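Please construct the entire structure, taking both the sequences and the accompanying hints into account.
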Amino acid sequence: MIAVRLPRTGLWPAFRDTARRLLGARITPDMIDWDVEGVPTGLFADPVPDAKGAAMTLKRSLAGLLTDLTAVRGPEGLSLAYRLLWRAHTGRLALEDRADPDIARARVLAKSVHRDLHKMHAFVRFKEVTPHGTRRRFTAWFEPDHRIEDAAAPFFAKRFGDMDWIIRTPEVTISFTQGVTRITSQINTREITDDALEALWCSYYSHIFNPARLKVAAMTSEMPRKYWRNLPEAGLIPGLIAEASARRDAMISQGALPASREAAVTSLDALPAALAACERCTIGCHATRAVTGSGPANAPLMIVGEQPGDVEDRAGVPFVGPAGAVLDTALQEADIGRDGVYLTNAVKHFKFTRRGTRRIHQRPDRSEVEACRWWLDHERTFVKPRLIIALGATAALALTGNGNRIRDRRGTIECDSDGRPVLLTVHPSSILRQPDPASRIYEARRFAADLRNAREFLAKTGAPPVQSISPV
Amino acid sequence: MAKITLQRKLEILADAAKYDASCASSGTTRRDSGDGKGLGSTTGSGICHSYAPDGRCISLLKILMTNFCIYDCAFCINRASSGVERARFTPEEVVYLTTEFYRRNYIEGLFLSSGIIRSPDATMEDMNRIARSLRVDHDFRGYIHLKTIPDASPELIAEAGRLADRISINIELPTDQGVARYAPEKNPATIRQAMAGVRERRSAARERSHKGKRPPRFAPAGQSTQMIVGADGADDRTILGTSTKLYGDYRLKRVYYSAFSPIPDASRTLPLAAPPLLREHRLYQADWLMRFYGFEATEIAPPDLSGMLDLDLDPKLAWALRNRAAFPVDVNSATREALLRVPGFGTKTVDRILSARRNGRLGYGDLLRIGARLKHAEPFFTARDWSPGGLTDAAHLADRYAPKPTQLSLF
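Each protein sequence line maps, in turn, to chains A and B.
First residue of the first sequence: 0, per numbering that gives the first Met the number 0; consecutive thereafter.
First residue of the second sequence: 0, per numbering that gives the first Met the number 0; consecutive thereafter.
Calculated directly from the structure, the hints in this document are not laboratory data.
A few of these clues could be false.
As the list claims (entries may be wrong) - Distance condition first, Cα-Cα at most 35 Å in a straight line; then the derived DSBU-like pairs of lysine-lysine: (1) A:Lys110 / B:Lys185; (2) B:Lys212 / A:Lys110; (3) B:Lys374 / A:Lys110; (4) B:Lys252 / A:Lys110; (5) A:Lys214 / B:Lys252; (6) B:Lys212 / A:Lys214; (7) B:Lys36 / A:Lys214; (8) B:Lys36 / B:Lys244; (9) B:Lys36 / A:Lys157; (10) B:Lys347 / B:Lys374; (11) B:Lys244 / A:Lys157; (12) A:Lys214 / B:Lys210; (13) A:Lys58 / B:Lys347; (14) A:Lys225 / A:Lys214; (15) A:Lys214 / B:Lys244; (16) A:Lys126 / B:Lys212; (17) A:Lys157 / B:Lys403.
To be verified - Distance windows between CB atoms, simulated: (18) B:Gly306 / A:Arg134: 57 to 65 Å; (19) A:Arg134 / B:Thr189: 46 to 54 Å; (20) A:Lys383 / B:Asp309: 53 to 61 Å.
As the list claims (entries may be wrong) - Chain A is faced by these chain B residues, among others (derived, beta-carbon under 8 Å): (21) Thr4; (22) Gln6; (23) Leu9; (24) Lys17; (25) Gly33; (26) Leu38; (27) Pro52; (28) Ile57; (29) Tyr292; (30) Phe294; (31) Thr297; (32) Ser354; (33) Asn358; (34) Ile369; (35) Arg372; (36) His375.
As the structure is a computational prediction, the values presented were derived from the model and not from experiment.
Cβ atoms here follow ideal geometry from the backbone N, Cα and C, with glycine treated the same way.
Below you can see the structure in the form of structure tokens.
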């Protein structure tokens with residue numbers, strides 16, 4: 000057995016010269032123990048024979064493959080390189096034949112070296128140190144898998160030609176000073192230094208990340224964890240992953256925000272103008288106008304209907320159509336003055352379908368109620384009523400978040416999102432839809448009774464009276 | 000207004016830039032600074048210096064010059080009506096960040112985009128000033144990608160092309176109707192004219208003069224564009240049709256598909272839920288099939304099927320399952336075109352098969368060593384010691400590729 004020990008740097012030329020001599024002495028591949036200096040040889044190992052080197056020209060493609068193989072960590076790359084050389088020397092070797100097991104293995108090893116080299120080009124991180132002369136100086140620490148320092152140096156020399164730098168790996172130091180590259184075999188240990196720019200780089204890294212699309216496997220397949228130790232930005236990764244889903248959910252739950260072109264509403268008086276420009280949902284474009292609430296700005300009682308109807312849309316005032324007339328009658332019966340009440344609707348635009356020349360009322364869907372709640376919330380905030388009466392399912396939905404089973408819930412008092420009491424009852428238009436006059440009268444009485452309860456509730460809380468100013 | 004720090008600006012303007020998918024630094028001319036002057040080099044294939052947890056590579060410093068914008072495009076985080084915090088870099092700041100990040104080997108170069116301020120021409124002029132400062136004052140030889148403003152004057156786009164390696168103009172949405180609806184201030188015709196202009200300049204820059212002198216290179220890494228998927232109703236067939244036009248008419252290097260992702264302060268006209276990221280992936284696969292495998296858009300998304308690609312099957316496999324008459328293919332005699340159609344055989348595999356079969360007939364084990372994905376390919380090829388038998392025409396063949404059933408979770 001012949002033991003060959005090659006120097007740690009300049010591996011390829013050393014391998015080439017030794018292999019020539021071994022080929023000249025016709026030493027078969029299985030008779031050689033290949034490795035680099037520092038690895039102990041067997042007890043009975045023979046030295047390399049002092050033979051004349053074999054004359055041999057290598058194809059560029061084979062030389063390239065062998066160079067990669069010599070960089071493989073461990074003895075396999077060197078011995079496979081010699082075996083391929085032996086086969087090319089003694090017979091025929093078709094490098095492009097990937098079905099050949101030697102070639103296939105060589106290609107796998109070479110690919111792993113190339114990948115390592117590529118990752119070194121990508122993941123070396125320079126840190127600035129004080130310069131000696133006029134040129135700026137940087138240092139870096141990197142831990143490659145293979146012996147790729149020889150192959151990696153030219154890339155950095157060509158890229159960073161105008162500065163001096165040193166890259167240290169556990170076994171080799173590459174230094175570049177005044178345009179001269181020097182690669183020396185040297186045991187190094189990892190030193191941690193700081194660089195002022197790292198903070199900026201880390202903020203860039205965390206802000207270019209899009210939390211809505213988390214693909215951790217895609218990241219780690221290209222940037223395996225073994226490199227993270229020496230990447231300043233890698234410390235942020237666990238935190239970014241942990242927060243990602245919460246950040247995405249926050250973006251979604253925040254939903255569509257008011258466009259800033261929609262002027263901020265600071266008072267009740269500013270509401271009509273802002274509402275006129277509303278494009279929060281699609282029903283606005285069909286109707287004549289948005290109908291704002293009406294009534295005193297400090298009303299103790301607020302009545303919320305569904306949406307303006309045909310008449311309201313033209314008039315621009317809530318509750319002036321047929322349902323408004325029913326409401327007026329009931330208010331009189333309950334001894335509540337209409338001009339002391341703030342009247343408004345859950346949805347501010349009239350939603351309808353056109354049938355011939357008539358506009359037929361359509362119930363607003365949930366998204367429209369949600370969109371319009373923005374305006375209702377403003378009215379509630381400005382008016383601050385003691386009690387709100389929700390007329391019908393849509394108003395109940397807008398105020399309490401639940402529009403189901405109004406018939407069962409009518410007459411009860413629930414809370415809105417601010418904890419303010421909301422009395423639930425039916426919409427006056429439902430009284431108009433009753434099939435016969437008797438049930439119409441019955442329903443109208445029940446409705447008036449609900450309003451009377453509201454008045455009594457307010458009286459108990461000590462609110463100023465809401466009786467009519469002018470006697471009925 | 001209080002002056003904001005460079006760090007805060009970087010945060011705001013990186014946030015603003017992250018919805019651009021492209022970060023490629025490949026395909027430009029080779030340059031280096033081995034002469035000891037200047038800074039930087041370019042390699043053929045580009046380098047990804049880091050990866051974010053979203054799986055996207057970080058190759059370039061991707062920032063906006065400013066996120067102030069006079070346009071109001073619904074899908075864009077920087078639209079005029081959005082409430083995001085605004086900032087603007089000075090040209091010196093961009094140059095400082097680019098060169099200092101570059102010196103520390105964080106990046107391959109700069110990808111500069113911008114919101115439109117004052118006018119398209121003024122914005123383009125400012126971006127050119129940054130690129131000029133990098134190239135001329137700092138002798139920067141790394142990669143520069145400039146996003147050009149379609150409405151800017153042709154002279155400014157010409158200058159951008161001379162300074163940058165790649166220039167891009169986003170088509171934004173696959174259909175003109177989509178652009179009209181979501182980006183009302185942008186004009187699809189102007190975007191196309193700008194792309195056509197870039198293509199004309201690029202071909203002009205390749206023609207030598209009668210003395211054999213080359214004109215200065217124009218955007219040597221070509222032009223690219225980005226389409227947002229899932230914001231409007233366009234189906235995959237429409238999207239691939241648009242891509243075919245872009246690749247053909249304007250010789251684009253890349254069309255990027257960006258699955259619309261929820262953005263902070265979203266416009267209400269957009270869907271809040273994102274389309275599945277898998278859809279984006281399938282579109283990229285289809286894109287690759289069109290560019291490197293000789294597939295037509297009409298084969299990938301044929302008119303007699305629904306316009307959407309199958310999310311469970313990759314488009315090449317789906318095509319093979321629909322066109323079983325073309326299989327099995329004999330790896331020892333088939334043409335390159337036929338081999339490229341076999342699921343599980345990539346372009347590299349096919350090249351290797353073509354050169355390896357000169358040395359003898361290939362068998363199953365040989366193909367395995369060559370790197371073919373045989374689990375995928377088995378029903379579709381014959382080799383020295385392999386025949387799929389009845390597998391090719393088996394009725395249940397699609398089940399073989401269906402995702403494994405998973406136990407439903409109770410919780």
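Each hint, compared with the structure:
Between Lys110 of chain A and Lys185 of chain B the alpha-carbon distance is near 47 Å, which puts this suggested pair outside the 35 Å criterion. At most 35 Å may separate the alpha-carbon atoms for a hinted pair to count; Lys212 of chain B and Lys110 of chain A exceed this at roughly 40 Å. With a C-alpha separation of about 23 Å, the suggested pair Lys374 of chain B and Lys110 of chain A falls inside the 35 Å cut-off, and the hint holds. Using a Cα cut-off of 35 Å, the hinted pair Lys252 of chain B and Lys110 of chain A holds, with the two alpha carbons roughly 27 Å apart.
With a CA separation close to 26 Å, the supplied pair Lys214 of chain A and Lys252 of chain B stays within the 35 Å bound. For a cut-off of 35 Å, the pair hint linking Lys212 of chain B to Lys214 of chain A is broken: about 48 Å separates their Cα positions. A hinted pair counts as satisfied when its Cα atoms are at most 35 Å apart, and Lys36 of chain B with Lys214 of chain A does not qualify at roughly 40 Å. Using a Cα cut-off of 35 Å, the hinted pair Lys36 of chain B and Lys244 of chain B is violated, with the two alpha carbons roughly 43 Å apart.
Straight-line distance between C-alpha atoms of Lys36 of chain B and Lys157 of chain A comes to about 10 Å, which keeps the hinted pair within the 35 Å bound. Our distance criterion of 35 Å between C-alpha atoms is met by Lys347 of chain B and Lys374 of chain B, whose separation comes to about 17 Å. Using a Cα cut-off of 35 Å, the hinted pair Lys244 of chain B and Lys157 of chain A is violated, with the two alpha carbons roughly 39 Å apart. A C-alpha spacing of about 53 Å is found between Lys214 of chain A and Lys210 of chain B, which places the hinted pair above 35 Å, so the restraint is violated.
Only pairs whose Cα atoms come within 35 Å are accepted, and Lys58 of chain A paired with Lys347 of chain B is accepted, the gap being roughly 22 Å. Our distance criterion of 35 Å between C-alpha atoms is met by Lys225 of chain A and Lys214 of chain A, whose separation comes to about 18 Å. The suggested pairing of Lys214 of chain A with Lys244 of chain B holds, with an alpha-carbon distance near 31 Å, which does not exceed 35 Å. For the hint linking Lys126 of chain A to Lys212 of chain B, the alpha-carbon distance of about 43 Å lies beyond 35 Å, and the restraint is violated.
At most 35 Å may separate the alpha-carbon atoms for a hinted pair to count; Lys157 of chain A and Lys403 of chain B exceed this at roughly 50 Å. The supplied range of 57 to 65 Å is met by Gly306 of chain B and Arg134 of chain A, whose beta-carbon atoms lie about 60 Å from each other. Checked against the hint of 46 to 54 Å, the pair Arg134 of chain A and Thr189 of chain B passes, with Cβ atoms roughly 48 Å apart. Separated by about 57 Å at the C-beta atoms, Lys383 of chain A and Asp309 of chain B satisfy the suggested range of 53 to 61 Å.
A distance limit of 8 Å between C-beta atoms decides the matter here; for Thr4 of chain B the minimum to chain A is near 10 Å, and the interface restraint is violated. A cut of 8 Å between beta carbons decides the hint on Gln6 of chain B: the least distance to chain A is about 6 Å, and the hint holds. Hint on Leu9 of chain B holds. Least Cβ distance to chain A is approximately 6 Å, under the 8 Å limit. For Lys17 of chain B, the interface hint holds, since its Cβ comes within 8 Å of a Cβ in chain A; the closest pair sits about 5 Å apart.
Look at Gly33 of chain B: its Cβ gets to within about 4 Å of chain A, closer than 8 Å, so that hint holds up. Evaluation of the Leu38 of chain B hint against chain A yields a held restraint, the C-beta minimum of about 6 Å falling below 8 Å. At about 5 Å, the closest approach between the beta carbon of Pro52 of chain B and any beta carbon in chain A falls short of 8 Å, and the interface hint on this residue holds. At about 6 Å, the closest approach between the beta carbon of Ile57 of chain B and any beta carbon in chain A falls short of 8 Å, and the interface hint on this residue holds.
A cut of 8 Å between beta carbons decides the hint on Tyr292 of chain B: the least distance to chain A is about 21 Å, and the hint is violated. Taking 8 Å as the C-beta cut-off, the interface hint given for Phe294 of chain B is violated, the closest approach to chain A being about 25 Å. A cut of 8 Å between beta carbons decides the hint on Thr297 of chain B: the least distance to chain A is about 30 Å, and the hint is violated. Proximity of Ser354 of chain B to chain A holds as hinted, the smallest CB-CB distance being about 4 Å (cut-off 8 Å).
Because the closest C-beta pair between Asn358 of chain B and chain A is about 5 Å apart, less than 8 Å, the hint holds. Hint status for Ile369 of chain B: holds, given a least beta-carbon distance of 5 Å to chain A, under 8 Å. Interface hint status for Arg372 of chain B: violated, as the beta-carbon distance to the closest one in chain A is roughly 15 Å, over 8 Å. At about 19 Å, the closest approach between the beta carbon of His375 of chain B and any beta carbon in chain A exceeds 8 Å, and the interface hint on this residue is violated.
The structure fails to meet hints 1, 2, 6, 7, 8, 11, 12, 16, 17, 21, 29, 30, 31, 35, 36 from the earlier list, while all remaining hints are met.
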